[in-house]
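Visitor: In case you want the letters, here they are:
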Amino acid sequence: MKRTILFLTVMVIGLLNACAHQPAKETSETIEVWGVKGNEPGQFNEPFAIAIGGNGNIYVADARNYRVQTFNQAGKFIAQWGRQGAGLGEFERPSGLAVDSKGRVYVSDYELDRIQKFDSNGRFLAQWGKGGKEPGQFNSPTGIAIDSHDNLYVTDTYNHRIQKFDSNGNFVLEWGRYQPIGVVRSFFNFLWSPGAEGNFNYPTRIAINSKDIIYISDSYNNRVQMFNINGEYVAQFGGAGFLGGSFRVSSGIAIDKEGRLFVADYYNNRIQVFSPDGHVLCYWGKQGNKNGYFEGPADIAVDSLGNVYVADWGNHRVQVFKNKEEKLSN
Amino acid sequence: MKIKMKTLVVWINLMAVVLAVSIYAQEQNQKAIIKVEGLYCPFCSYGLEKQVKKIEGFKNVQINIKEGTAEIEFAPGVKVPEKAILTAVEDAGFDLDGVQWLNKGRKK
Chain U
1009 MKRTILFLTV MVIGLLNACA HQPAKETSET IEVWGVKGNE PGQFNEPFAI
1059 AIGGNGNIYV ADARNYRVQT FNQAGKFIAQ WGRQGAGLGE FERPSGLAVD
1109 SKGRVYVSDY ELDRIQKFDS NGRFLAQWGK GGKEPGQFNS PTGIAIDSHD
1159 NLYVTDTYNH RIQKFDSNGN FVLEWGRYQP IGVVRSFFNF LWSPGAEGNF
1209 NYPTRIAINS KDIIYISDSY NNRVQMFNIN GEYVAQFGGA GFLGGSFRVS
1259 SGIAIDKEGR LFVADYYNNR IQVFSPDGHV LCYWGKQGNK NGYFEGPADI
1309 AVDSLGNVYV ADWGNHRVQV FKNKEEKLSN
Chain F
69 MKIKMKTLVV WINLMAVVLA VSIYAQEQNQ KAIIKVEGLY CPFCSYGLEK
119 QVKKIEGFKN VQINIKEGTA EIEFAPGVKV PEKAILTAVE DAGFDLDGVQ
169 WLNKGRKK
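Taken in sequence, the protein lines are chains U and F.
According to this note's numbering, the residues represented by the first sequence are 1009 to 1338, in order.
According to this note's numbering, the residues represented by the second sequence are 69 to 176, in order.
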């Protein structure tokens, strides 16, 4: 039995590492860096969330500057909105972003426990939510994703659940409750299932593919869980660890046009790429402030050209990995 | 008489200095450094910040994720029970490892 376990472990480690990219060398020629620490237009203080609109513009939740900034794909600053406060259009901690098919921008607020809806120019349209545990209430909402019918899914992080709303903010359904998985059990998830399907330990980021499969970073269970739009559990992947395919706090998730998943691995300071069913394809990045390195990748987005945008939280910048998709195909 | 006058002036000056220092100390914000187990990422630190802001007398907080610490400032003269800090840390989902007060004259 011991030999079998050892053999399996070695095989898994070998398979996971076989596809690992060399970090900075492979990506150094194709990285753009946007911004430095500051509060001027184009600068950041803890960029925490990032999303791409249908027009190709990139939206960044600049958390400690209490604002949302907009850029074009070349990184040119276009506009900003918001300031500190609890009034309409104001923020205390903008924490998640999503753009619907009509270009409307939804912004979650971690401290004010609400979602605000804006037009593509940042004009306030509506808001909903307040602190609490009831349906439609939040305890630190973080990620937002939108399905093909413009329904919204919000990771209600401190309530350890997902809530679904229509585009007017009407509550539709919720699922999940607090269920942590031990680190050892999570680490050995290739030997037996960690369980806790459909429950969460601080879910943070969320993304939906073209087939309306929902991927959720179950961050402190160090995994990604998959659901359908009715909240029914489909599958999971990940597990605690350092190896390819494992996480130390899974965070941002984005999906490219091929359906591949880009998942930010917060404490391992890397981005991992998975097939749609959760097989790791490659990863890049390590801790630091050089180009291609990270100090806590908090969120990620991928545009239609396959460019990957990472909110590099602790380095107060956005890094853009150009034509990453092309490289993955080679 | 002349000597007594000089002594009196010195005493008055001394008392004025003591009074000024005392008033200054009272007007300074109270500062506490708390050590928190499991503080790893902004999802956690923002959660802690949110809870700490609810404590009466809160003025400011600086969180250091790498060290797992938070330096919290409270308004001068406000009684801040350590239980309030413990509750805030636990509501944020963490364990409190310790509290160190930086102002000796804080109200208990």
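Do not rely on the hints blindly, as some may be mistaken.
Stated by the list, open to error - DSSO-like cross-link-like pairs, simulated, lysine-lysine; straight-line CA separation at most 27 Å: (1) U/Lys1138 with F/Lys122; (2) U/Lys1045 with F/Lys147; (3) U/Lys1141 with F/Lys122; (4) U/Lys1138 with F/Lys134; (5) U/Lys1294 with F/Lys147; (6) F/Lys99 with U/Lys1138; (7) F/Lys127 with U/Lys1125; (8) U/Lys1141 with F/Lys121.
Said to hold, decoys possible - Derived contacts from chain U toward chain F, CB cut-off under 8 Å, selection only: (9) Gln1051; (10) Asn1053; (11) Glu1054; (12) Gly1097; (13) Arg1101; (14) Ser1156; (15) Phe1179; (16) Phe1195; (17) Phe1196; (18) Tyr1210; (19) Trp1321.
What the hints assert, rightly or not - Using C-beta positions, here's what the derived DEER-type ranges look like: (20) F/Asp159 with U/Ala1094: 15 to 21 Å; (21) U/Asp1158 with F/Lys121: 54 to 60 Å; (22) U/Val1180 with F/Lys122: 38 to 44 Å; (23) U/Gly1095 with F/Asn97: 47 to 53 Å; (24) F/Lys99 with U/Ser1283: 49 to 55 Å; (25) U/Trp1200 with F/Lys121: 25 to 31 Å; (26) U/Lys1219 with F/Val167: 49 to 55 Å; (27) F/Asp159 with U/Leu1181: 40 to 46 Å.
If you're looking for bench data, these hints aren't it; they were derived computationally from the structure.
All C-beta atoms, glycine included, are put in the ideal place defined by N, C-alpha and C.
Visitor: Each hint should be assessed against the structure and marked as holding or not.
Guide: Comparing the hints with the structure gives:
1. In summary, the hint linking U/Lys1138 to F/Lys122 is supported, as the alpha carbons are separated by about 16 Å, within the 27 Å threshold.
2. The suggested pairing of U/Lys1045 with F/Lys147 is violated, with an alpha-carbon distance near 36 Å, which exceeds 27 Å.
3. The straight-line distance between the Cα atoms of U/Lys1141 and F/Lys122 is roughly 18 Å, inside the 27 Å bound, and the hint therefore holds.
4. Proposed proximity of U/Lys1138 and F/Lys134 is contradicted: the alpha carbons are some 31 Å apart, above 27 Å.
5. Using a Cα cut-off of 27 Å, the hinted pair U/Lys1294 and F/Lys147 is violated, with the two alpha carbons roughly 45 Å apart.
6. Straight-line distance between C-alpha atoms of F/Lys99 and U/Lys1138 comes to about 31 Å, which puts the hinted pair past the 27 Å bound.
7. Straight-line distance between C-alpha atoms of F/Lys127 and U/Lys1125 comes to about 30 Å, which puts the hinted pair past the 27 Å bound.
8. Distance restraint check for U/Lys1141 and F/Lys121: the Cα-Cα separation of roughly 20 Å lies within the 27 Å cut-off, and the hinted pair is therefore satisfied.
9. The closest approach between the C-beta of U/Gln1051 and any C-beta of chain F is roughly 18 Å, which is over the 8 Å cut-off, so the hint fails.
10. Because the smallest distance between the Cβ of U/Asn1053 and any Cβ of chain F comes to about 12 Å, over 8 Å, the interface hint for this residue is violated.
11. The restraint placing U/Glu1054 at the interface with chain F holds, with a minimum CB-CB distance near 7 Å, inside the 8 Å limit.
12. A cut of 8 Å between beta carbons decides the hint on U/Gly1097: the least distance to chain F is about 20 Å, and the hint is violated.
13. At a threshold of 8 Å, the smallest CB-CB gap from U/Arg1101 to chain F is about 6 Å, leaving the interface hint in force.
14. A least Cβ separation of about 28 Å between U/Ser1156 and chain F goes past the 8 Å threshold, and the interface hint is therefore violated.
15. Nearest Cβ of chain F to the Cβ of U/Phe1179: about 23 Å, over the 8 Å cut. The hint is violated.
16. The criterion of a C-beta within 8 Å of any C-beta in chain F is not met by U/Phe1195, whose closest approach is roughly 17 Å, and the hint is violated.
17. Annotation: interface hint on U/Phe1196 violated; nearest CB of chain F at approximately 22 Å, more than 8 Å.
18. Interface restraint check for U/Tyr1210: the shortest CB-CB distance to chain F comes to about 6 Å, inside 8 Å, so the restraint holds.
19. For U/Trp1321, the suggested interface contact is upheld, since its CB lies about 6 Å from the closest CB of chain F, less than 8 Å.
20. Take F/Asp159 and U/Ala1094: their Cβ atoms lie about 20 Å apart, and the range 15 to 21 Å holds.
21. Taking the beta carbon of each, U/Asp1158 and F/Lys121 are about 34 Å apart, not inside 54 to 60 Å as hinted.
22. In this structure the hint that U/Val1180 and F/Lys122 lie 38 to 44 Å apart at CB is violated, the actual value being about 31 Å.
23. Separation of U/Gly1095 from F/Asn97 is about 27 Å and departs from the stated range, judged on CB atoms against 47 to 53 Å.
24. At roughly 51 Å, the beta-carbon separation of F/Lys99 and U/Ser1283 lies within the given 49 to 55 Å, and the hint holds.
25. Between U/Trp1200 and F/Lys121 the beta carbon distance is about 42 Å. The supplied range of 25 to 31 Å is therefore violated.
26. The hinted window of 49 to 55 Å between U/Lys1219 and F/Val167 holds, with their beta carbons roughly 51 Å apart.
27. Taking the beta carbon of each, F/Asp159 and U/Leu1181 are about 27 Å apart, not inside 40 to 46 Å as hinted.
Of the hints listed earlier, those the structure fails to meet are numbers 2, 4, 5, 6, 7, 9, 10, 12, 14, 15, 16, 17, 21, 22, 23, 25, 27, in rising order.
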